[in-house]
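**Student:** Sequence:
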Amino acid sequence: MKKIVKKLVLYYLAFVIIKSILSYFIPAPSGFSDEYIYAKLARSFFFDFNFTVHNFFFNISHPLYFITLSPAYLFSKMTLIYPAMKVINSIISSLVIFPAFLISREFFNSNKSFKIAILISLLPSNFIFSSYILTENIFYPLFLFSIYLIYKSLISEKLIWPILAGIAIGLTYLSRIVGIVLFAAIGMVFLFRLIKKEKIFLKNTIIMCSTSLLIISPFLLQNILTQGSVLGGYTAEASTIFELNKFLPKYSIQFILYLGLMILSTGVLFPLLISKKIFNKETITFSIVTLTSIFTTLIIAANHNVTILPNLLLDLPANYLPWLAGRLIGRYIDVILPLVIILGFICIKEKISLRKTIIFSTILLFSSQMVLTRLFPINHVSTVHLGLFNHLLLFITNFPINMLIVGIILGIIPFILYKIKFNFQKIFSLFMLLFILLNILNFTLIYYNSNEFWYKGDQMQLGLWLESHDPEISTVLFDKRDCISALTKLNQKSICQPSGKSTIIGFWLNDNIIVDDPNNVENVDFIISRHKLDFPIIKTSKDNIYIYSLKGN
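Residue numbers 1 to 553, in our numbering, belong to the letters of the sequence shown in order.
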C-alpha cells in the first residue's frame with residue numbers, strides 16, 4: 001500500500017508541474033468576464049475580507065474558490081499574480097487523482113484503480129481548466145471527494161466517514177451551488193433502503209447532513225436576509241423548474257441533448273458499457289449515489305437557458321431550429337464524467353446488447369443538433385474534437401448538411417463499438433491516447449484564442465503598460481461614458497462592460513478600480529477614457545484610449 005501511495009503522490013506532483021508549465025504559456029485570460037470577476041473577488045478578499053468588484057458588492061454564496069486564490073496577491077504585480085493563480089489551479093485541480101483512486105479501489109485492485117485514476121486525471125475537464133480562473137478547478141475534485149466519502153458513510157459504521165463527508169459536501173457547495181445534488185444522492189439512498197427495509201445508517205445520514213448544513217448555513221442565511229431566498233441570485237433560474245408545463249417540450253429536448261453530450265464526452269464506450277451489473281449487492285449503494293448525482297446534474301444543466309427565445313442579435317440554436325433553446329454548456333456536466341467512467345469499468349466484462357446500442361445510436365443521432373452550439377473551449381473541452389470537425393465541415397457545407405453528416409457519423413459509432421471486443425488494458429490505452437490528444441488540441445486552441453484575440457489586443461497591452469509604469473497600488477477611474485457595449489474577443493470598443501463590473505485593461509492592474517464620471521476625481525490617480533479631458537495624457541493607445549495621470553495635481 002505504501003508503494004501505491006508514493007506512486008499516487010509522484011503522479012500528482014507530475015500533473016501539478018505539467019499543468020503549471022502548460023498554463024504558464026497561456027498569456028491572458030480569455031473567459032471574460034467570469035475570469036476577471038473571480039480574480040478581482042480574490043483580490044477583494046485578500047485586501048478587505050469582503051467580496052466587491054469596482055465597489056460593487058457581490059452577495060457570494062460560493063466563496064471557497066476566491067478565498068483559495070487570494071494568496072496569489074502576496075505578489076504585488078498582476079504579471080506575477082496571474083501565473084500564481086494558475087499554479088494554485090494546478091495544485092487543487094490535480095487533487096482529483098486521489099478520490100478517483102479511492103473510489104476505484106472499492107471495486108478494483110490497486111493496479112487497475114491507479115490506471116483509472118490516471119485516466120480520470122487526464123480527462124480534458126480535469127486537465128485543462130488550470131488555464132482558466134474558474135471555479136471548476138476546485139469544484140471537480142471536491143465533488144469526487146464528496147462522492148467517495150458519502151459512499152463510505154453509507155456502508156460503514158465509523159463516524160469519521162460522515163463527519164468527513166459533511167465537511168466535503170459543505171465545501172463542495174461553497175465552491176459551486178450545484179453541489180446541492182449531493183444532498184439528493186444521500187436522500188435517494190435513504191429512500192431506497194427505507195422502501196427495501198434495509199439498514200439506513202440513520203445516524204451517519206444525520207451527521208453528514210447536519211455537518212454540511214452547519215458549514216453552509218451562514219451563507220444560506222445571508223441569502224435569505226439580503227435576497228429573500230435560500231438560493232440567492234440563482235432563485236430565478238431555479239424557479240423555472242417548477243414551471244415546466246410552460247416549456248416541457250424544449251426542456252425535454254435540452255435534457256436529451258445534455259445526455260448525448262455526456263455520452264460523447266466520455267467517448268461513447270463508457271456509458272455504453274454500463275449494465276444491470278451496477279445494481280449487484282456489492283455496487284448498489286455506489287450506483288444509487290452515482291446515478292442520482294448524474295441524473296440531478298443533467299436536470300439542472302437542462303434547465304439553464306431553456307427559456308431563451310430566438311434572438312437575431314445573438315447566434316443561438318433557437319434561431320435555426322425553433323424547438324431548441326439556448327446554447328449547451330458542457331462544463332456544467334463535466335463534473336459527472338469520472339462517475340460514468342468508473343461505472344463503465346465496473347461493467348467491463350458485460351456484453352453490450354444490441355438493444356442498448358440502438359438506443360445510444362438514436363440519442364446520438366438526435367444529439368447532432370448540438371452542432372448549433374460552438375463546441376470549443378471554455379465551455380466544451382470534452383467535445384472539442386467534434387467542434388473542430390464541425391467547424392471544418394462548414395468550410396465545404398452549410399447547415400443543415402453539416403448536422404446530417406455529424407448525425408450519421410455519431411449514429412454509427414455505437415454499432416462500431418458493439419462489434420469490438422474490449423478488455424481493461426485496451427480501453428485504458430485507447431482512452432489515455434484520446435485524452436492526451438484532446439488536451440493537446442484544447443491547449444492549442446486556448447493559447448491561440450488567448451494570444452490572438454486578447455493578449456495582443458490594444459486594451460490588454462495598455463493594461464500591461466500601466467502596470468509597469470505604476471507598480472504602486474493606485475486608484476484608477478474608468479470613464480463610465482465609455483462602457484457602451486459588451487466586451488468580446490471580436491468587439492473591444494468599450495473600455496468596460498455596461499454593468500461596470502469588468503474591464504480588459506483592469507485585469508492587469510492590482511489597483512483600486514472604480515467606474516464613474518471623470519468629474520468625480522477625488523483621490524483618483526489615473527483616469528482611463530476615450531474622451532479628451534483636461535488632465536495630462538501619459539499614454540495614448542492605438543485605438544485612441546487615453547490614460548490621464550492625476551498624481552501631483
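It is worth saying that the hints were derived from the structure and are not from the lab. Heads up, a few of these hints could be off.
What the hints assert, rightly or not - No more than 30 angstroms apart at the CA atoms, straight line, and that leaves these computed lysine-lysine pairs for BS3-like:
#  : residue 1 : residue 2
1  : 158       : 199
2  : 196       : 7
3  : 112       : 480
4  : 152       : 3
5  : 77        : 203
6  : 421       : 456
7  : 199       : 7
8  : 281       : 197
9  : 421       : 349
10 : 196       : 158
11 : 276       : 501
12 : 115       : 77
13 : 199       : 115
14 : 277       : 246
15 : 539       : 551
16 : 501       : 551
17 : 281       : 152
18 : 489       : 419
19 : 77        : 419
20 : 281       : 158
21 : 3         : 77
22 : 356       : 419
23 : 421       : 532
24 : 77        : 426
25 : 152       : 112
26 : 351       : 277
27 : 551       : 480
28 : 7         : 112
29 : 276       : 351
30 : 532       : 456
31 : 276       : 197
32 : 493       : 77
33 : 349       : 281
34 : 277       : 158
35 : 489       : 277
36 : 480       : 493
37 : 349       : 277
38 : 493       : 419
39 : 112       : 246
**Student:** Going through the numbered hints above, which ones does this structure break? Give me the numbers in ascending order.
**Tutor:** Of the numbered hints, 2, 3, 5, 6, 7, 11, 12, 13, 14, 18, 19, 21, 23, 24, 35, 38, 39 do not hold.
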